[in-house]
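*Asks:* On the provided structure of chain A, position chain B as indicated by the hints.
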Amino acid sequence: MTVLEGLFSGFAQAISLEVLPFLIGGSIFGLIIGVIPGLSGHFAMAMLIPFLYKMEPATGIAFLLAAHATVAQGGGLTAILFSTPGTGQNAATLLDGPPMREQGRGGVAVGAAMTACFLGATFGAVALALLLPVLREAVLFFGPPEIFILSFMALTFVAVLGKEDMMRSMIAGLLGLLISMIGIDNVTNQERYTFGLVELYDGLPLVPVILGLFAVAEMFDLFVKGGSLVNKQHETLSAGETQKQIFEGIRIAFQKWWLVLRCSAIGTTIGIIPGLGSAPAAFIAYGHAKQTSKTKATFGKGNIEGVIGAEAANDAVEGGALASTVAFGIPGSSSMAILLGGLFILGLETGPDMVTNHVDIVFIMIFTIIFGNLIGTIFGMFLVNPLARATSIRASIMVPVLIAVVVTGAYAAQGSLFDIIITLIFGVFGYLMKVLNYSRAAMLIGYVLGHAVEKNLYLATQLKGPLFFLSPIPATLCLITACFIAYNIYGFIKDRNGD
Amino acid sequence: MVSKQKPMANQSFDSQETRRIALELASLVLIGFISLCALVIAFTYDFSSSRPLFVILIPLVALILVQIYRTMKQANAETSLDVVKAALGGKVSDFAVSVKFFILLLALLVCIYILGHYAGLMLAMFYLIRVHGGESMKMSLMVPIITALALFALFELVFSIELFQGQLYRYFAGYRIW
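Quick note, the sequences are listed as chains A and B, same order.
So that you can map any letter, position 67 of the first sequence is 67 in the working numbering, and since no number is skipped, the others follow by simple counting.
So the mapping is simple: the working numbering equals the position in the second sequence, first residue as 1, plus 1000.
Pulled out of the complex, with its shape left as it was, chain A reads as follows (with noise of 0.2 Å):
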């Protein structure tokens, strides 16, 4: 089957009546998993995973894809609403959306994120279907000593993120960092700081720590402040108001459609990448919409720009991970490891088959992408204004909710009693660091390329020695990062000269 013959047939496959009410219904039940905190992508895949026996290939990937696809549309608008991530990849979302919405500019935010989303998640989707060929050369490239390179610099942007006070932002990733590492080595089985609890054999879960992290904490700052999640000062938007202010957010992401691109190709570069994921591509992108803003000051207070760059990338993942998984086999997420044992169930073979033979296929997965982001933006859209109008209910209503809520979904992820505990344990945490203004995020950052970083690092020792590093790929992403790290105090020391 040639390219454009699976074009065709892909398109006419994901429009067809067999197929598209599956992507619309995968694609809403998608947007309300993302909008719950706690539950996740894999989640929401691993949740259709057993439908999948009783459908058709183009069915089944429609419905497994669509859900995966706009999980992260849900995420960014309960974090730009109750700054509270939906879903681990909108933490990024959550440095600049709350403060515009605490601005009155929730509106724009929200429809700024979505059309991010959805151009973000075509650029990716595209990307996918020109460099498909390309890329199964340029990957065979990315070894251990690349990818632990990689998980270097974007640790580096930790202390960018934490610019203001890097001292803080470092101890907030090393421990991080320091958390990542309980649980049981995978190299030499070696149990390290579980102290025998077998809940901890795995390392701390992901889904308690965010859920911690993010919405206990503020669970914990509303219940000390009191009122509602929109500071007192700015009335709440009337639904005209919000549509108005969803327009100028659609128009603005349009106008800085040159970030878009770029932090879409981050996103796209970084999806393609196994074991990075989301939540890195949109700190990375996050960095770079700050490093080239001609309004740097403005970030983390409610720019606009960070908003759109983290959305764009953590949409532009799903693109460059679906290239790794569909021609190599290679998952490069959790996500795309349920995307994988899904085909497999639906009787399909990832690698060069998948490439040659199954060319539609892979269009379906482009449409697919496409199409669900399409279809989430404009439904995320329609659920904005009831989502904005309970960010004005009291704290004393607001609080047990979300939290009876987050509970439940920390719970649900593993069906463990445990991880409430986790997760009240990082609710007091974050809400420290939140009062001390430490990074959260430099913490979250780590912790997540956590496992990369170690893996990677002994993998990367054991091939090339202990000179990895001077490769020619890792030397030149060293290079770059150095350059990077020697710009930031180099901007540092002239920002202190200024004062």
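Mixed in with the good hints there might be a few duds.
[What the hints assert, rightly or not] No more than 30 Å apart at the CA atoms, straight line, and that leaves these computed lysine-lysine pairs for BS3-like:
1. Lys1100(B) - Lys225(A)
2. Lys301(A) - Lys434(A)
3. Lys244(A) - Lys294(A)
4. Lys1073(B) - Lys434(A)
5. Lys494(A) - Lys1073(B)
6. Lys301(A) - Lys244(A)
7. Lys434(A) - Lys494(A)
8. Lys434(A) - Lys1100(B)
9. Lys1073(B) - Lys301(A)
10. Lys1138(B) - Lys225(A)
I should point out that these hints are in silico values taken from the structure, not numbers from a laboratory.
Values in this document were obtained by computation on a predicted structure and should not be read as measured data.
*Replies:* For chain B alone, coordinates are given in the frame of chain A:
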């Protein structure tokens, strides 16, 4: 030569900044102690398992010490200690409210463990809304019931996830492990 000043020394612990500094100092000391313990424990692991821990913990402990030094420069230890004592004595309102909320969350966990997910949540929500929030009885009953029903519909019916039923239910269902 500029004399060394202790700018926060004369401030009372009612000052928000003094309280924040005291809280940061107390937190850093606690985290530093935990990190030191983690470092000591790391020596008991195989070298290949402890190597990344050393890479993380040595700079972490050093950074915490530097941060403690930086924070100490902003306030004298005596004032900070007074603030900590006052906080532990319940005289710092924000701290007292935070501790109260944490105790409420622990109570929620105990309720879930004994009564089950839905009953535990409803009880805790009722307390928070009615007793702490001072809302009307109608609202205090309506919100927990609607929330529990919505969670039941979503998790049990839609996702087929059985939430924790509680030790009490298990006891009467015949699971008597004690």
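*Asks:* Next step is simple, just say for each hint if it's right about the structure.
*Replies:* Status of the hints after comparison with the structure:
no., hint, in the structure
1, Lys1100(B) - Lys225(A), "13 Å, holds"
2, Lys301(A) - Lys434(A), "14 Å, holds"
3, Lys244(A) - Lys294(A), "26 Å, holds"
4, Lys1073(B) - Lys434(A), "22 Å, holds"
5, Lys494(A) - Lys1073(B), "24 Å, holds"
6, Lys301(A) - Lys244(A), "22 Å, holds"
7, Lys434(A) - Lys494(A), "28 Å, holds"
8, Lys434(A) - Lys1100(B), "18 Å, holds"
9, Lys1073(B) - Lys301(A), "28 Å, holds"
10, Lys1138(B) - Lys225(A), "25 Å, holds"
The structure meets every hint from the earlier list without exception.
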